[in-house]
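*Asks:* Kindly generate the complete structure, drawing on both the sequences and the hints.
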Amino acid sequence: MSASLPARIVLGALAVASLVVLFGPLAVVWFFSFFRQRRGVVQWESFGLDSYARLLKNDSILTALGNTVVVGACAVFFALALGTLFALYFHNRGHGRQAQQFMIFLPFLLPPIITGLSLLIFFRELGLDRSLITVTVGHTLFVLALAYRIILTQLQSLSRSLVEASYDLGANRLQTLWYVLLPNLRTALLTAAVLAFALSFDETLISLFLVGRESTLPVRLWGMMRVGFSPEINALVTLIVVFSAALFLAVARLVRPTGEDLTRP
Amino acid sequence: MRRGAWVALNLGLPAALILAPFAAFLVHSFWRMDGFHVVRALSLHNYRRFVSEDIFLPLFLKTCELALEVTAIAVLIGYPIAVFLATLRGRAKYAMVLLFVVPLLMSYIIKIYALRSILGNNGFLNRLLVATGVLERPTGFFAYNFTAVLITLTILLLPLMILPIFVSLERIPRSLLEASADLGAHPAYTFWHVILPLSLPGVVVGASFTFILAIGDFITPTMVGGMTGFTYGAAVFSQFGTAFDWPFGAMLSVVLLVVVVAAMFLAAWLGRPRGATA
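From first to last, the protein sequence lines stand for chains A and B.
Here our numbering = 1-based position in the first sequence + 1.
Here our numbering = 1-based position in the second sequence + 579.
Hints are all accurate, no fakes.
Per label pair, the in silico range of CB-to-CB distance:
#1 Leu15/A x Phe615/B: 51 to 61 Å
#2 Ala841/B x Leu127/A: 27 to 37 Å
#3 Trp179/A x Ala764/B: 48 to 58 Å
#4 Asp51/A x Leu605/B: 47 to 57 Å
#5 Gly805/B x Trp45/A: 29 to 39 Å
#6 Trp179/A x Met806/B: 55 to 65 Å
#7 Glu715/B x Leu248/A: 41 to 51 Å
#8 Thr64/A x Ala710/B: 40 to 50 Å
Which bits of chain B does chain A cover? Going by a derived footprint, with three or more residues having C-beta under 8 Å, they are:
#9 655-665
#10 691-704
Treat the hints as calculated values from the structure; they're not laboratory data.
Computed from a prediction, not measured in an experiment: that's the story for all the values here.
Even glycine gets a Cβ: it sits at the ideal position worked out from N, Cα and C.
*Replies:* Set out below in structure tokens:
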């Protein structure tokens, strides 16, 4: 697409203004990870890595962070396994695949509040207590749609002759899956894993319904809202954003289509 | 594996993990609380309460309006930005698109918290307006009210509006734009008759994301809403917390579900493929 110069200047100004607003919160957090404030006044002489040092000593936050990583890793594992299973079923034209797809997309399409309370009610009817396990189930179902969609898209782009060749050469279903399909789905699996982990890491609305005594980081932060945040939260958030942005950039670079020239006008 | 077992696994797992909780939620909305006990008998008790008490229906309508306003503002700001991204080239385009993705990576709670500290009575925005002489003294207009919820939700959801529109703009074949120009169309005419209709599916996807997430959110209103910014989502959540009436909370969510499903059908209808394909 192209546009005239004055139009581009107006549009560009709007985009820059939006970026300022979108990154405003980030800037505030980043700024206060180095400075302290007292009664809303910045203490300029307090500059330092103090809040980063205190973060390393805050056990309750580090525990919540650890829980979040474990829940995220488990949710990613289950979502990839189920996503691959369901994508293969759909691709091989299994019975009722449209109904299956509808069910998979449901928790992703509905407002998280409905997914959260449905699972809460369901677990109580089953007599299961809330814990990190119930949170993991919630996260798995939430990110499943994403993993499934990404895996299915790549599966459909693979040539059918790959699988046929594998069968012709005498491989059974499992061998074909392991030696032919999974290696060819590597990019999709990696992309899905990173995106699913990012979603799980920040998931708050479903988690608030499903946490028991041990909480994940967003839930912990929610609990701290009323008393206000300690400075080490700013340090933690700064580190998380830097880490996730780096991870995201790495993946974006990896999955960038090399054949298609992005520099083309 | 036998064929039957394979089918059972593939349909049974989603049914047990997704459909069953969903069914439990629907059934729960027909149960009711008696003191601290759930009465497991079907009745329309909660539905009658919803219609007869004049708290929840007005709150629901107010929240629908809020979600529509957030969506409308996000389209009006997001569409031009998506157009701008689509006009960029090469590395600049790639970098700018990434810049609009990064805010999505930042913790939801923290973003709201930071926005609250910017919009608050003592916040950055008020100080800026006072310092530049726009206001004489700080205003309470931006925080702990309905406007604050509107502003915060719009900022939080804007990237989700921009990205689908950008993708649909990128999918428009260049040949169509060239053909339009070759046939003597003014760029404004091309935009209005070629680009805009072909990018509508992206607008519809972005709008439904924004609407669905805005209408069901309970964190933003709780954190920046104050007294006037209480929304339907927050009312639902309180039934599972302080109010402790799960069946009524489930019933309130059924109403939410109906609106969301209606919105999805509308979106599917608006985004349907039309006319000759490119």
